[in-house]
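Model the full assembly from the supplied sequences, consistent with the hints where possible.
Protein chains in written order, with the working numbering: chain A, -10 to 91; chain B, 804 to 1293; chain C, -2 to 136.
No lab work stands behind these hints: they were computed from the structure.
Since we're looking at a predicted model, the values are computed, not measured.
Any given hint might turn out to be false.
Straight-line Cα separation of at most 27 Å, DSS-like style, residue types lysine-lysine; simulated pairs [stated by the list, open to error]:
| id | chain 1 | residue 1 | chain 2 | residue 2 |
| --- | --- | --- | --- | --- |
| 1 | B | K948 | C | K29 |
| 2 | B | K1157 | A | K76 |
| 3 | B | K949 | C | K29 |
| 4 | B | K839 | C | K53 |
| 5 | B | K1234 | A | K76 |
| 6 | B | K1237 | A | K90 |
| 7 | B | K839 | B | K948 |
| 8 | A | K76 | C | K53 |
| 9 | C | K53 | B | K949 |
| 10 | C | K53 | B | K948 |
| 11 | A | K90 | B | K1212 |
| 12 | B | K1260 | B | K948 |
| 13 | A | K90 | B | K1157 |
| 14 | A | K90 | B | K949 |
| 15 | C | K110 | A | K76 |
| 16 | B | K948 | A | K90 |
| 17 | B | K1237 | B | K948 |
| 18 | B | K1260 | B | K839 |
| 19 | A | K76 | B | K948 |
| 20 | B | K1234 | A | K90 |
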Amino acid sequence: MNLLESYLVISSILFSLGIFGIVTRRNAIAILMGIELILNSANINFVAFNRFGGMHKLDGHIFTIFVIVLAAAEAAVALAIIINLFKNAGSVDVDEANTLKG
Amino acid sequence: MSNFSSIAYYIPELILVILILSVIVIDLIPSLQDLKFPVAFIGLGLLALALNLSHGVKASIFMDLIVVDPFSHFFKWIFVLATASILLVSRYSVEVEEENHVEYISLMLMILLGLFLMASSTNLLMIYLAIELVSIPSYILAGMKKNDRASNEASLKYVIFGSFASGLMLFGLSWLYGISGSTNILDIHAALLTNGNQFLVYMSLMMIMVGFGYKISMAPFHYWTPDVYEGSPTPVTAFFSIGPKAAGFAILIRVLYTIFTNDGSLNATSPLYDVNWTLIFAVLAAITMTIGNFLALHQENVKRLLAFSSISHVGFMLIAFTVIGTEALTALLFYLVIYFFMTLSAFIIAIFIKNKLDTDTIDGWKGLAIRNPLISAFMVISLVSLAGLPPTAGFVGKFYLLAVLFRAKTFYWLAVVAILNSIVSLYYYFKIIKSMYFLNEEEEVSSEPLEVNPYVKWTAILFSAQTLLFYFYWTPLIEFINRSLSFWNS
Amino acid sequence: MYLNYSPIIIYTILAIIMVVVPLFIQSLISPKHNKGGSKLTSYECGEVPEGSAWVKFNVRFYVIALIFIIFDVEVVFMFPWAVVFQELGLLAFVEMLIFLLILLVGFAYVWVKGDLGWVKMKMKYAHGRYSKLSIKEEV
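In structure tokens, the structure reads:
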């Protein structure tokens, strides 16, 4: 198993854990953590492909920096939304967010 | 083109950035606070002027990150028109509170900037950044009514579905980068012509489609649409139903036609040789329009009904992806323009009703024909157009899309599904018309006239009048679209 | 090549042993029937524990943290720039100044709207979006 492959295995494991967390958890903050895992698995992919994939430019590394910043922005907005929901509904359980239906 | 010399081609976006910053700064200075909306409109006017001046220019700027071409130019006009009309209407909406005006305007303009970039990116990094620049302010706009629980929930659902979809898309993009070694979509296409694994190409295509499909609310990624549309403030809903969707189609066309298209010149060893997305889109189009229509049947809330109707229209527009060629794109862009006018006029009338009567159920619209005959008449025109009946432009749009199928002699079953769906959709559009015009004898509704704000009234009337106009005289529009269908590399 | 990683394996094995062996020894020699009273309370550095650990933090902490995280993460863009900016020249410097200017507008917005203030200060010297708040009269 070469180095690229082992990084790809790690990123696939992280990706699957992220999906698992999103599907099984009912707490909105835990779901966000799952989403962060998915983003980080993509980051590992980008850096690993860039480093071991025989590429000359640094596109993958640059991509990762932008993804880190966007993940932070997204997490900040999502947490603000969750805090606001908590103020109004008293819970961060996504199953209790069910006034919109049909 | 280098960064410095690119600036000359980037003036509309720069105007937009300066506009966003100045709206925020103006709000921080107490004596200037009332100037927010005027400044926003002046800025959008300047932006339109700059857009008009850059007509027909083709260039690849900022080290090939984004391009300026007639295709992106066409979409930029749609975005500017949509944003300007929504801002005009939201100024008089009760759902956007006075104290949140600055956030509202600046977030709307940020989305507009994101939409501009979405229509013109040619690099995976720019595509991802543009989609997020549209998504993140959208999450906040959906939750604009801070103390309303439905609005909170709408934004929670939006943020969870949205970031999940963009995470999947990012993972797909990372694989696409891995198998091709570049983030530029032309280079990716060139790399995939010779080497690569077909399974990996399919996998990354599927994951990217999740991200784009979520933006245009294509089934099976449509779950967020009805909830977000119902919970968000109505002007925001109106904006979501057109802006991000049009941009999603723009980016879908650019990525599919640049990276994944087999134009017949490929040899059988290329991993792209068997990548057949027309069949995938035929199935998805059928599923999307059927789901949208059948779930719309039993809706009692007008915003929710329009949400499902927009899903079914997306299904119709996806028909254009079952055939590769300029004709299909012409039909798609034509339908998009028609959809823009008819959806926006229906939503603007819904905003007006919500302002006056504080209701968005179909029953709440009872007796509108007596209380304001003019607005109800134009609502009928928009609804007839949404249903796709003559004499409205909705009919012409559907005709063009189906003609694409018949001319290419493929997917006849999809045409049958589309026609059956149009018949089903008549039921729920006419439910609204029935509520406005026909009353049961024992029912009592107030008959006092409703006054309409002139700006809201004329925007709605102007937009729904377009749907009539384009039924009788659509040649200039088709010519404009044909001129716009020129990419920077062709 | 994998031989280079042998210290890690030794380290891992040692770490496992260091945890498992004391646990095993203490289970052999510790008294079995003295688990009541202060043994079961939580340990707060010798103090008598007071109240539940599950207190609610003031929601202001979250707002400050959210603002912090955004401005904190933006620094990531400046590291690559700082490494090469002498080679890139004046244009890159101006570009970074513009970037910081945009951030500064965001900072000014947060400041003027009163999101950086603390709760009590906000009640007394309320400004921005908090100017409508008032202190409730104690009865």
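Tested hints:
1. K948(B) / K29(C): violated (60 Å)
2. K1157(B) / K76(A): Status holds; Cα separation ~26 Å.
3. K949(B) / K29(C): violated (57 Å)
4. K839(B) / K53(C): violated (39 Å)
5. K1234(B) / K76(A): With a Cα-Cα distance of about 38 Å, the restraint between K1234(B) and K76(A) is violated, given a limit of 27 Å.
6. K1237(B) / K90(A): Answer holds: K1237(B) to K90(A) is near 24 Å, not above 27 Å.
7. K839(B) / K948(B): Status holds; Cα separation ~20 Å.
8. K76(A) / K53(C): Holds, at about 13 Å.
9. K53(C) / K949(B): Holds, at about 22 Å.
10. K53(C) / K948(B): holds (25 Å)
11. K90(A) / K1212(B): It is violated: about 41 Å lies between the C-alpha atoms, which goes past 27 Å.
12. K1260(B) / K948(B): holds (24 Å)
13. K90(A) / K1157(B): holds (20 Å)
14. K90(A) / K949(B): Holds, at roughly 20 Å.
15. K110(C) / K76(A): Holds: K110(C) and K76(A) sit about 20 Å apart, inside 27 Å.
16. K948(B) / K90(A): holds (19 Å)
17. K1237(B) / K948(B): Outside the cut-off at roughly 31 Å; violated.
18. K1260(B) / K839(B): holds (22 Å)
19. K76(A) / K948(B): OK: K76(A) and K948(B) at ~13 Å, within 27 Å.
20. K1234(B) / K90(A): holds (20 Å)
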